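Number of protein chains: 2
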Amino acid sequence: MGSGIHMKVKSPTQSRDAELTKAKILDAAEEEFGQGGLAGARTEAIAQRTGVTKAMIYYYFESKEGLYEAVLERCFQGHIQASSDPTWHEGDPAEKLEGLIRQFLARSAQNPNLPNIVAYEALQNQGKYFKQVGVPQYYETMARILERGMQMGVFRQVDAYHASVSIVGACVFYFCCRENVKFLWADKDIMSPEMVAAHMDEAVNLIMRGLMI
Amino acid sequence: MGSGIHMKVKSPTQSRDAELTKAKILDAAEEEFGQGGLAGARTEAIAQRTGVTKAMIYYYFESKEGLYEAVLERCFQGHIQASSDPTWHEGDPAEKLEGLIRQFLARSAQNPNLPNIVAYEALQNQGKYFKQVGVPQYYETMARILERGMQMGVFRQVDAYHASVSIVGACVFYFCCRENVKFLWADKDIMSPEMVAAHMDEAVNLIMRGLMI
DNA sequence: GTCTATACTGGGATAGAC
DNA sequence: GTCTATCCCAGTATAGAC
Chain A
621 MGSGIHMKVK SPTQSRDAEL TKAKILDAAE EEFGQGGLAG ARTEAIAQRT
671 GVTKAMIYYY FESKEGLYEA VLERCFQGHI QASSDPTWHE GDPAEKLEGL
721 IRQFLARSAQ NPNLPNIVAY EALQNQGKYF KQVGVPQYYE TMARILERGM
771 QMGVFRQVDA YHASVSIVGA CVFYFCCREN VKFLWADKDI MSPEMVAAHM
821 DEAVNLIMRG LMI
Chain B
621 MGSGIHMKVK SPTQSRDAEL TKAKILDAAE EEFGQGGLAG ARTEAIAQRT
671 GVTKAMIYYY FESKEGLYEA VLERCFQGHI QASSDPTWHE GDPAEKLEGL
721 IRQFLARSAQ NPNLPNIVAY EALQNQGKYF KQVGVPQYYE TMARILERGM
771 QMGVFRQVDA YHASVSIVGA CVFYFCCREN VKFLWADKDI MSPEMVAAHM
821 DEAVNLIMRG LMI
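Read top to bottom, the protein sequences are chains A and B. Each residue of the first sequence is one higher than the one before, starting from 621 at the first, in our numbering. Each residue of the second sequence is one higher than the one before, starting from 621 at the first, in our numbering.
Simulated from the structure, these hints should not be mistaken for lab results. There's no promise every hint is true.
Stated by the list, open to error - Listed next, the in silico DSS-like pairs over lysine-lysine satisfying Cα-Cα at most 30 angstroms (straight line):
#, chain 1, residue 1, chain 2, residue 2
1, A, Lys802, B, Lys748
2, B, Lys684, A, Lys748
3, B, Lys808, A, Lys748
4, B, Lys684, A, Lys802
5, B, Lys802, A, Lys748
6, A, Lys684, B, Lys684
7, B, Lys808, A, Lys751
8, A, Lys751, A, Lys644
9, B, Lys642, B, Lys674
10, B, Lys802, A, Lys684
11, A, Lys802, B, Lys751
12, B, Lys748, A, Lys808
13, A, Lys751, A, Lys674
14, A, Lys751, B, Lys802
15, B, Lys748, A, Lys684
16, B, Lys674, B, Lys644
17, A, Lys802, B, Lys674
18, B, Lys802, A, Lys716
19, A, Lys808, B, Lys751
Claimed, not checked - If you only want the chain A side, here are some residues facing chain B, beta carbon under 10 angstroms, derived:
#, residue
20, Ala643
21, Leu646
22, Gly656
23, Ala742
24, His782
25, Gly789
26, Val801
27, Glu822
28, Arg829
Quantities reported herein were computed from a predicted structural model and do not represent experimental measurements. Virtual Cβ for every residue (Gly too), placed ideally from N, Cα, C.
Work the whole structure out from these sequences, hints included.
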């Protein structure tokens, strides 16, 4: 998963490994940005999580914004790469859409920072960095599956973009507003595997049935 | 709507009207909290919008948190009062649910601060103030309509709470993440009446069809 | 490459005059 | 009831030693 360029075998056991430090900063930053967004995150907190000093952050990423961009690129790479797979546009559109949605839900459940960052990006930064990283193309992929499904008579007639946004909303709201809705399940952990599976099934059913002819 | 206690008829025309000042602060604060949430809002900005000084905010609301609570109570009062209307639980459940959803969408469109505050509450405050103000009961109302619809055989069998969350998500995501998705419509204003109406129809159709037997 | 120390700024909150 | 002035903490960013 590393760049592979840095394969020094004799690297000393001491804490002077640039790639490792960078990676640790990115991990900590993702967590912080997930909690406060770009504006709310504290560089001091990121440094403390990482175990280095604030100065290191500026040494490697130049600014808070630079770090934020690096985090965004790294953590939405999965979504973006997945969405550019041409096989989404072959075979049964209903099956493909369900696959895309389930993958999306699985990623959100596995890393709850992602949904938070999505919401914060819109609220704090007007989606500026998102556009830069190429997230909008994810919606394009979904819309294209919908278009093909309509042409093939699998889906009813909808506005592909509006529908895509509503679909993503039905999936992601549970995660990014989990702190608001957790009160509905006093005795359960909202991110437990069982609860996540239940949300997945409910959301997928609502969406797929909502689209069928 | 005022307390009624303060009914001085001979109040001078000069700018020394407590109720008016309070109301102006609340208006400005709602806007600011909509843009930055509790943590991100700046009291200085609220004061400037209002045309008074920061000191006034503390004079009337004691603290930033106090102001925030007052804003929340005022601006979600509509949702909460509406949801406690017993007539939601009479007549055709499908019709009632659609009515509730359309009302919810209309309110969100009319005051886009609401969806933003909803999201910020979850992200920044873990829904703490929301619970205080009684927002969770809104979901209870929706869940109850769903339950009755299932009993009557109008809706298919779903988990009423999970479904409610997905429904709200499908409705509200368009608004609170409008800055992320605006790029999908390069030439249109996402909050224009036409676009809002289109979202409404798509969301309502997706949800209602998704629930029907 | 990593640290300590510090310059600089912004923002919440309060004291006290009017 | 409203203002000005100010305290003080927190947070970004940098300089410079090691």
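Now the hints, each set against the structure:
1. Restraint check for A:Lys802 and B:Lys748: satisfied, since their Cα atoms lie roughly 11 angstroms apart, inside the 30 angstroms limit.
2. Proposed proximity of B:Lys684 and A:Lys748 is supported: the alpha carbons are some 29 angstroms apart, at most 30 angstroms.
3. Proximity of B:Lys808 to A:Lys748 is assessed by CA-CA distance (about 17 angstroms); at most 30 angstroms being required, the pair is judged to hold.
4. Restraint check for B:Lys684 and A:Lys802: the C-alpha separation of about 25 angstroms stays at or below 30 angstroms, so the hint holds.
5. Under the criterion of a C-alpha separation no larger than 30 angstroms, the hint pairing B:Lys802 with A:Lys748 is consistent with the structure, at around 11 angstroms.
6. A C-alpha spacing of about 27 angstroms is found between A:Lys684 and B:Lys684, which places the hinted pair at or below 30 angstroms, so the restraint holds.
7. For the hint linking B:Lys808 to A:Lys751, the alpha-carbon distance of about 17 angstroms falls within 30 angstroms, and the restraint holds.
8. With a CA separation close to 25 angstroms, the supplied pair A:Lys751 and A:Lys644 stays within the 30 angstroms bound.
9. Of the pairs offered as hints, the one joining B:Lys642 and B:Lys674 holds, with about 12 angstroms between alpha carbons and a cut-off of 30 angstroms not exceeded.
10. Taken as a hint, the B:Lys802 and A:Lys684 pair is honoured in the structure, with Cα atoms around 25 angstroms apart against an allowance of 30 angstroms.
11. Pair hint A:Lys802 plus B:Lys751 holds up; C-alpha atoms about 10 angstroms apart against a cutoff of 30 angstroms.
12. Restraint check for B:Lys748 and A:Lys808: the C-alpha separation of about 17 angstroms stays at or below 30 angstroms, so the hint holds.
13. The suggested pairing of A:Lys751 with A:Lys674 holds, with an alpha-carbon distance near 28 angstroms, which does not exceed 30 angstroms.
14. For the hint pairing A:Lys751 with B:Lys802, the CA-to-CA distance comes to about 10 angstroms; that is within 30 angstroms, so the pair holds.
15. At most 30 angstroms may separate the alpha-carbon atoms for a hinted pair to count; B:Lys748 and A:Lys684 meet this at roughly 29 angstroms.
16. Of the pairs offered as hints, the one joining B:Lys674 and B:Lys644 holds, with about 13 angstroms between alpha carbons and a cut-off of 30 angstroms not exceeded.
17. As the CA atoms of A:Lys802 and B:Lys674 are separated by approximately 35 angstroms, the hinted pair breaks the 30 angstroms bound.
18. Taking the CA atoms of B:Lys802 and A:Lys716, the gap is near 25 angstroms; set against the 30 angstroms cutoff, the hint holds.
19. Of the pairs offered as hints, the one joining A:Lys808 and B:Lys751 holds, with about 17 angstroms between alpha carbons and a cut-off of 30 angstroms not exceeded.
20. Because the smallest distance between the Cβ of A:Ala643 and any Cβ of chain B comes to about 26 angstroms, over 10 angstroms, the interface hint for this residue is violated.
21. Residue-level restraint check for A:Leu646 is violated (minimum Cβ-Cβ distance to chain B is 21 angstroms; threshold 10 angstroms).
22. Proximity of A:Gly656 to chain B holds as hinted, the smallest CB-CB distance being about 7 angstroms (cut-off 10 angstroms).
23. Given hint, A:Ala742 at the interface with chain B, holds; its Cβ is 4 angstroms from that chain's nearest Cβ, closer than 10 angstroms.
24. The restraint placing A:His782 at the interface with chain B holds, with a minimum CB-CB distance near 4 angstroms, inside the 10 angstroms limit.
25. For A:Gly789, the shortest C-beta to C-beta distance to chain B is roughly 3 angstroms, which falls under 10 angstroms, so the interface hint holds.
26. Hint status for A:Val801 relative to chain B: holds, with the closest Cβ pair at about 5 angstroms, below 10 angstroms.
27. Given hint, A:Glu822 at the interface with chain B, holds; its Cβ is 4 angstroms from that chain's nearest Cβ, closer than 10 angstroms.
28. Interface hint at A:Arg829: satisfied, since its Cβ lies 5 angstroms from the closest Cβ of chain B, which is below the 10 angstroms cut-off.
Comparing the model with each earlier hint shows violations of hints 17, 20 and 21; every other hint is respected.
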